[in-house]
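In order, the protein sequences belong to chains A and B.
Going by our numbering, the first sequence opens with residue 1, and the numbers climb by one from there.
Going by our numbering, the second sequence opens with residue 1001, and the numbers climb by one from there.
Any given hint could turn out to be false.
[As the list claims (entries may be wrong)] Straight line, CA to CA, 30 angstroms or less: simulated BS3-like cross-link-like pairs of lysine-lysine:
(1) B:Lys1030 with A:Lys230
(2) A:Lys230 with A:Lys242
(3) A:Lys254 with A:Lys241
(4) A:Lys130 with B:Lys1030
[To be verified] What follows is a set of in silico ranges between Cβ atoms, one per label pair, in the way DEER data are often shown:
(5) B:Ser1159 with A:Arg332: 32 to 40 angstroms
(6) B:Glu1147 with A:Arg336: 43 to 51 angstroms
(7) B:Arg1153 with A:Asp310: 46 to 54 angstroms
(8) B:Arg1083 with A:Arg332: 37 to 45 angstroms
(9) B:Leu1125 with A:Leu306: 49 to 57 angstroms
(10) B:Ser1036 with A:Ala14: 39 to 47 angstroms
(11) B:Gly1160 with A:Pro19: 38 to 46 angstroms
(12) B:Arg1235 with A:Arg336: 39 to 47 angstroms
(13) B:Glu1147 with A:Ser330: 52 to 60 angstroms
(14) A:Ala267 with B:Pro1190: 54 to 62 angstroms
(15) B:Ser1159 with A:Arg336: 24 to 32 angstroms
(16) B:Arg1153 with A:Met74: 56 to 64 angstroms
(17) B:Gly1160 with A:Ala267: 20 to 28 angstroms
Since the hints were derived computationally from the structure, they do not count as laboratory data.
As the structure is a computational prediction, the values presented were derived from the model and not from experiment.
Beta carbons are placed, not taken as given, at the ideal position from N, Cα and C, and that holds for glycine.
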Amino acid sequence: MIRAIRPRFRDTAARLDPPYDWRTALAVLVVGFCLILSGQRVELDRFTALTGEAILAQLGLAEESQVGRGLGRMIQSLFPIAVEERRELARLSEIDRENLPWLARIERVETTRYELDRQTLQLVPIVETKEYLVEPFGYLLRVLGKMLETLEIALWATILSVLLSAPLAILAAANYTPHRSVYLAARGLVSFLRAIPELVSALFLVLAFGFGPIAGILALGLHAAGFLGKFYAEDIEAADKKPQEALLALGASKLRVLRSAVLPQVAPSYVAYTLYILDRNVRMATVVGLVGAGGIGQELKGRYDLFEYDHVGTILVVIFVTVFLLDQLSARLRARLL
Amino acid sequence: MTSPVDQATVGERVVLAFHDVRKTFPDGTKALDGVSFAVPRGQFCVLLGPSGSGKSTLLRCVNGLVAPDAGTIEVIGRRSSPRTLPEIRRRVAMVHQHFNLVERAPVGINVLTGAIAQVPAWRALLHWFPEPLRNKAVALVLRVGLEPQHLHRRVGELSGGQQQRVGIARAFLCDPDLLLADEPVASLDPTTAQDILSLLREAARERSATVLCSLHQPELAVRFADRILGLRAGRIVFDGPPERLDDAALARIYGHGFPTDRLELAA
Ligand SMILES: Nc1ncnc2c1ncn2[C@@H]1O[C@H](COP(=O)(O)OP(=O)(O)OP(=O)(O)O)[C@@H](O)[C@H]1O
Ligand SMILES: [Mg+2]
């Protein structure tokens, strides 16, 4: 009876029913209810209230908001950004006064402090002169150096991931793997590598290799190898079979068929994946630096912990500019290579 | 009719011989049902048969792309087996209906991959082919009717007829003893089809290579073949020179109702 009232598409009756029925409506209701429950768990209500307050404050319709105040104070403390490097001369043993570094100068600053005279029991001012070595672009250069280190970490991580994933992809491609068990093992390894977030593996690698770029390169490279291994392998599997069969019929081994019939087909998408990984590694290299894996992130974390927000400002500006420039560069590279 | 194997062995060297070859696919399709024949050196032998009669399967059994269930195949004096297959494949070339070229690679590289199994591994992997081979590839590209500027053009940018010329150049690069062609002109227009078949025949004759070629059009078979094999439902139902391919023979191959007037039109 019910089937007679509500015929489905697969029924032989030549008619078209509306694409939705009560089942769709029920599914929408259930999903909506689950989202409401979950939204409360992640404090979406508080988020809405705070954001609304901030917007009203901006429009002058409400008093100052908590979010606006916090953000405002933070942004104010980032500027002006720190460009020069100022160090107390007395602590720098190796500086030759007659032969200062390029553009550097020495600044004298007089500070007065009051000390209690034991006899007169009066506060007497004591004038002290401190000397500072000031390098006008010192800090900017230092941050640029750190940024370069981050780029190098990203580059080497990308090289590592390509070297690792290329052979892995062959073993993990169903039509080129030497054996089914090798295929399963390679697939498992690729998934495993992709499953560990860079930040987590960086935490452990810093323990193993100490602070510095090695941990960063390994953390990023291993994760990216999991990503590239999967996509390289899927492209090998999806490559046009006809030229492969032609070379097989000529007596070529699997490796030769891969080189001559598969590689030319997959090369464009391999370039695209690899450029994406390089791009991603640059951004992630900054993040893993936060846990001590070298580069600009490590510098950022250090300054942030010391409340030196003007230095943090410099670092953020340099990161933004670099990521922007790299984006342009990789877009051009892609257009040229594809 | 006397056995085709006996006919061919008289006085001539046999390049290819099938002895009672059978192939049934896992889904139960009988593609080859006891096929025996022999092809002497230098012959241009054409396989005719309706769709699904087993032409592709037969050709693919020769170079081991399909493994027969029963019977024996002898190619260039060697009995086909997993052990002899690599050597057989290096001396047997194939031209495909869909060309089976690497479309993103240039013409020159596609022709040179004809030698991919014959050069040392490092040359194959770096595509660093020896100079004599490169010169030979250039000569072949010109021989099959392409222009020098095509050498660096991507195959995907060529017309179908030009692509099949590249396929033929690739097949002849290593001077094969036997050339297999599976409907080499099926995706080409009639004029181009004739040109390609003439080219195939002449290039094979210059090198005294044997050709086993499947075709869909009897008129083309009559025009180019030295000998025609008719295949139907996995069995050979006709074996003889083109002159003997009469209406009765065509009816045996294609079943009754075959429009034989097409043949007279072509002749
Ligand atoms: N890999 C396969 N698995 C199962 N059946 C197959 C396979 N390859 C071919 N066949 C079947 O074997 C039979 C012969 O096929 P084959 O491709 O040899 O015919 P053909 O003569 O080349 O046909 P066409 O002229 O259409 O190319 C057909 O019935 C086909 O469906
Ligand atoms: Mg076929």
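Outcome of the hint check:
Distance check on the hinted pair: Lys1030 of chain B and Lys230 of chain A sit about 39 angstroms apart at the alpha-carbon level, beyond 30 angstroms; violated. Proposed proximity of Lys230 of chain A and Lys242 of chain A is supported: the alpha carbons are some 23 angstroms apart, at most 30 angstroms. Annotation: proposed proximity of Lys254 of chain A to Lys241 of chain A holds, straight-line Cα distance about 13 angstroms (limit 30 angstroms). Using a Cα cut-off of 30 angstroms, the hinted pair Lys130 of chain A and Lys1030 of chain B is violated, with the two alpha carbons roughly 99 angstroms apart.
A C-beta distance of roughly 33 angstroms is found between Ser1159 of chain B and Arg332 of chain A, which places it inside the suggested range of 32 to 40 angstroms. Separation of Glu1147 of chain B from Arg336 of chain A is about 28 angstroms and departs from the stated range, judged on CB atoms against 43 to 51 angstroms. A hinted range of 46 to 54 angstroms is violated for the C-beta pair Arg1153 of chain B and Asp310 of chain A, which are about 59 angstroms apart. For the pair Arg1083 of chain B and Arg332 of chain A, the beta carbons lie near 53 angstroms from each other, so the given range of 37 to 45 angstroms is not met.
At roughly 54 angstroms, the beta-carbon separation of Leu1125 of chain B and Leu306 of chain A lies within the given 49 to 57 angstroms, and the hint holds. For the pair Ser1036 of chain B and Ala14 of chain A, the supplied restraint of 39 to 47 angstroms is violated, since their beta-carbon distance comes to about 53 angstroms. About 42 angstroms separates the C-beta atoms of Gly1160 of chain B and Pro19 of chain A, a value consistent with the hinted range of 38 to 46 angstroms. Judged by the Cβ atoms, the range 39 to 47 angstroms given for Arg1235 of chain B and Arg336 of chain A is violated: they are separated by roughly 57 angstroms.
At roughly 38 angstroms, the beta-carbon separation of Glu1147 of chain B and Ser330 of chain A lies outside the given 52 to 60 angstroms, and the hint is violated. At roughly 37 angstroms, the beta carbons of Ala267 of chain A and Pro1190 of chain B sit outside the given window of 54 to 62 angstroms. The beta-carbon spacing between Ser1159 of chain B and Arg336 of chain A, approximately 28 angstroms, falls within the hinted interval of 24 to 32 angstroms. The hint said 56 to 64 angstroms for the Cβ distance between Arg1153 of chain B and Met74 of chain A, and at roughly 59 angstroms that hint holds.
Under the hint 20 to 28 angstroms, the C-beta atoms of Gly1160 of chain B and Ala267 of chain A, about 24 angstroms apart, fit the expected range.
Violation of the numbered hints given earlier is confined to hints 1, 4, 6, 7, 8, 10, 12, 13 and 14; the remaining hints are satisfied by the structure.
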